[in-house]
Each structure stands twice: as C-alpha cells, then as structure tokens.
Amino acid sequence: MTDLGPLLDSHCHLGAYDDPVAVMDAAAAANVSLVAVTESPEEFRRLRTRLGRRPTIEVALGLHPLRAASFRPADIARFFRCMPQTRWIGEVGLDFSQHGIATKKHQLRVFDIVLTEAQPGRHPLTVHSRGAEADVINLLSQARVPAVMHWYTGPLKLVDDALAAGLHFSVNPAMIRSKRFGSFITHVPAERILLETDGPYAKTSGRPVQPTDLVSLVNQLAVTWQVTPLDAAQTLRRNHDQLQRVAG
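In terms of this note's numbering, the sequence shown opens at residue 1 and continues consecutively.
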C-alpha cells in the first residue's frame, strides 16, 4: 500500500466513540490527525482533560445548533474563555430540519455570537447546515470567516455561492454511497475539499466510520480527480494548510 503521508480528519466526534483512546491511537498509527469536534464548552473541557496534549489531536470548541436552546450566558462566557485553548471552532452552525426548526431563534442568536464576537477569522470553523444551507452560506459570506461546510446535503445550486464566499467542503466515507455524491464532488474544485469522518455518527457497512477509513476515501477521490492517490493526498494537505493560513 502506498504511503499517502499525513491526513486530517477535519470533523470527528471522538468523544462519542465507545473507546476514544483506541480510535485515536489507531488513527495516529495510520498517520491521520483529528479535529475532535465538541458540542458545548463543557464537553470541550472534559475531552481535553481526558485526552491531554496529543500532537495528532486538536479538540475543537463547539456550540452545536441542536443544543442552542439550552445554552445560558454562563455557557457563552465559558466559550469565550476556552477560545485561546484551540485552533478550531466546531461544531457550530444552524439546523432548520424537522429536528431543529423549533429552536431557530436560539440557533441564530448563538451562531451570530460565534460569527461576530468570537475573534472572527482567527479560527477555522467546521459548520453544520442541515436544512439551513442558504442561511449558513449567507451568514458565513457576510462574516468573511474561514469555514468548512461539514457533510453538505443542500442543493447543488448553492454550492457556487459557497465557493464564491471562499468556503471549503468536507467529505466522508458515508457520503460517497449517496446517489448525489457524484454530482457534488465533480461540482466542487478539488482545491476546496477536506476530509472528515463525522464518526461515530456516520456509518458504512453498518459500523461507525473510523479515521483509518480515510485512506480508502483518498483512493476513491483520486479516481474521481483522475490523479494518483499520492497526488490527491497532497492536494488535501495543501487545502488544509491554506485554510489555516487564512485563519492566521
């Protein structure tokens, strides 16, 4: 098997796996680094305490939209206090699907705080947008922050708006099994793609996606892009590096 060099899982719910340490160790052995997203400042604190300092793990600071109604001023204050401890913000965003539409007002308030008051532009964001794609793209465009649209399921016609706003998209092994993925991945330039797992919530063959599955995902992207797997991996690394440079 060709050594693809280091890869990045830009959206992984590491703390939600049954054995996060085993997942993390397997990822490190496969040369896969992780952005471990969280859903609240309290989860961020707990996960950092549990994992300690690891060179292959970046714990991201999140305010998940489906929890927006539960966030109190103390949670927002804790979010600001935690920001210097991370290089990534996530999971944040909006969810206007049937699962989240009832808390739309709360979600918009929390997302506005993230975009306007949380040192905008200094941290890449990994963003949830289910059922709210147009709103998310519009708000990110106005805020001019470096951001990644995680597991995008919205209309293809909005992808051009996202690209014009400078946004990236992250793809996972579960996405490639959908009928619409072919149209999506050929519409987005390779230079705007990052990898993710969204594990353990994303599943393939009835099991949670693992960071180690990203190696096969790179191989499949290489076929789509008509390049070698090594070239595909290098493109993905450049994309991540470029996003970090924009964030400063």
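Rather than coming from a laboratory, the hints here were simulated on the basis of the structure. Hints may contain errors.
The list that follows gives simulated cross-link-like pairs (lysine to aspartate or glutamate, EDC-like), each with its CA atoms no further than 16 angstroms apart [to be verified]: (1) K157 / D135; (2) K104 / D135; (3) K105 / E58; (4) K203 / D3.
What follows is a list of derived Cβ distance ranges for each label pair [what the hints assert, rightly or not]: (5) R238 / S141: 21 to 27 angstroms; (6) Q220 / T153: 29 to 35 angstroms; (7) S178 / N138: 21 to 27 angstroms; (8) Q226 / D75: 25 to 31 angstroms.
The beta carbon of each residue, even a glycine, is placed where N, CA and C say it ideally should be.
Now for the hints, and whether the structure bears them out:
no.	hint	verdict
1	K157 / D135	14 angstroms, holds
2	K104 / D135	11 angstroms, holds
3	K105 / E58	30 angstroms, violated
4	K203 / D3	25 angstroms, violated
5	R238 / S141: 21 to 27 angstroms	23 angstroms, holds
6	Q220 / T153: 29 to 35 angstroms	19 angstroms, violated
7	S178 / N138: 21 to 27 angstroms	25 angstroms, holds
8	Q226 / D75: 25 to 31 angstroms	47 angstroms, violated
The structure fails to meet hints 3, 4, 6 and 8 from the earlier list, while all remaining hints are met.
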